[in-house]
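All chains, full assembly: derive it from the sequences and hints.
Each protein sequence line maps, in turn, to chains A and B.
My numbering numbers the first residue of the first sequence as 80 and each following residue consecutively.
My numbering numbers the first residue of the second sequence as 80 and each following residue consecutively.
Honestly, the hints are just simulated from the structure, not real lab data.
Note that this is a predicted model, so its numbers are computed, not measured.
Identical chains blur together in the list; that is why a pair holds if it fits in one copy or across any two.
20 Å max Cα-Cα, derived SDA-like pairs, lysine to any residue:
id: 1; residue 1: 156; residue 2: 117
id: 2; residue 1: 156; residue 2: 132
id: 3; residue 1: 156; residue 2: 91
id: 4; residue 1: 156; residue 2: 129
id: 5; residue 1: 156; residue 2: 116
id: 6; residue 1: 156; residue 2: 98
id: 7; residue 1: 156; residue 2: 131
id: 8; residue 1: 156; residue 2: 115
id: 9; residue 1: 156; residue 2: 135
id: 10; residue 1: 156; residue 2: 130
Protein chains: 2
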Amino acid sequence: MSQSRTDIEAVEAANTAFYEAMEHGDFDELSALWLDDEISCVHPGWPVLAGRGEVLRSYALIMANTEYIQFFLTDTKVTVIGDTAVVTCTENILSGGPAEEAGELGPLLGQLVVATNVFRRTPEGWLIWSHHGSPVLTESEEEADRDGSGD
Amino acid sequence: MSQSRTDIEAVEAANTAFYEAMEHGDFDELSALWLDDEISCVHPGWPVLAGRGEVLRSYALIMANTEYIQFFLTDTKVTVIGDTAVVTCTENILSGGPAEEAGELGPLLGQLVVATNVFRRTPEGWLIWSHHGSPVLTESEEEADRDGSGD
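Encoded structure:
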């Protein structure tokens, strides 16, 4: 195992910061977490977005249409090889759109999404290279099947 | 740009080999394309599968329930940084399950999936570290919005 505890903790922190930036609705904070170039992003049910312009515009759009969003992350797994990290996690999302009346909160929605986030080590810390989130549509059948047998 | 044409071609070939192994229903061929350890996989609508045992069992299950499958890949984009590559592509899938009568082909289904595939350079070539596929549920609105403006 080439993975150091320090690396894994740093990647976990970068992953948490990504979701916190969304919770804060802080576009600048979010923008600073992505690599400069060659990034890609898939929101649940969306086609692939590629490049910084397209990816960041999508977040500006999502933030403009989201009054409230909270991520409860579970099953976070970090793998580091060299200067790249792959994180998988389950995003238990509670979100609300703009309210119909001023001062009110829009209806809250629960959503179950799984994500694969790829991070790259840089002088500015671990930055996001790729985010892919997708809706969980089936029951987790493999739970029953998780018998620990190898390959 | 640190990406060489040779690297990109080699990664494209590895990505194509991944889908061809599925088309051939060749479990050994498919197994040989994944890293030994710490891999993860999300099939469209599924939760995260982690580790070689869980991931490869899922492919054995899918192959057992798939009589026919063909992938038409479009929008394939490869990014290489150091010894890691991220590939995004659209999988236009035509598949059929087992027939109800021997010698017949089951009903064919079309499916639109987007994938993010992460590859790692190894002495045995580029191997799969992570695959994440998800259904495309919305129209591609960003097409109209693709105005080339930067970040």
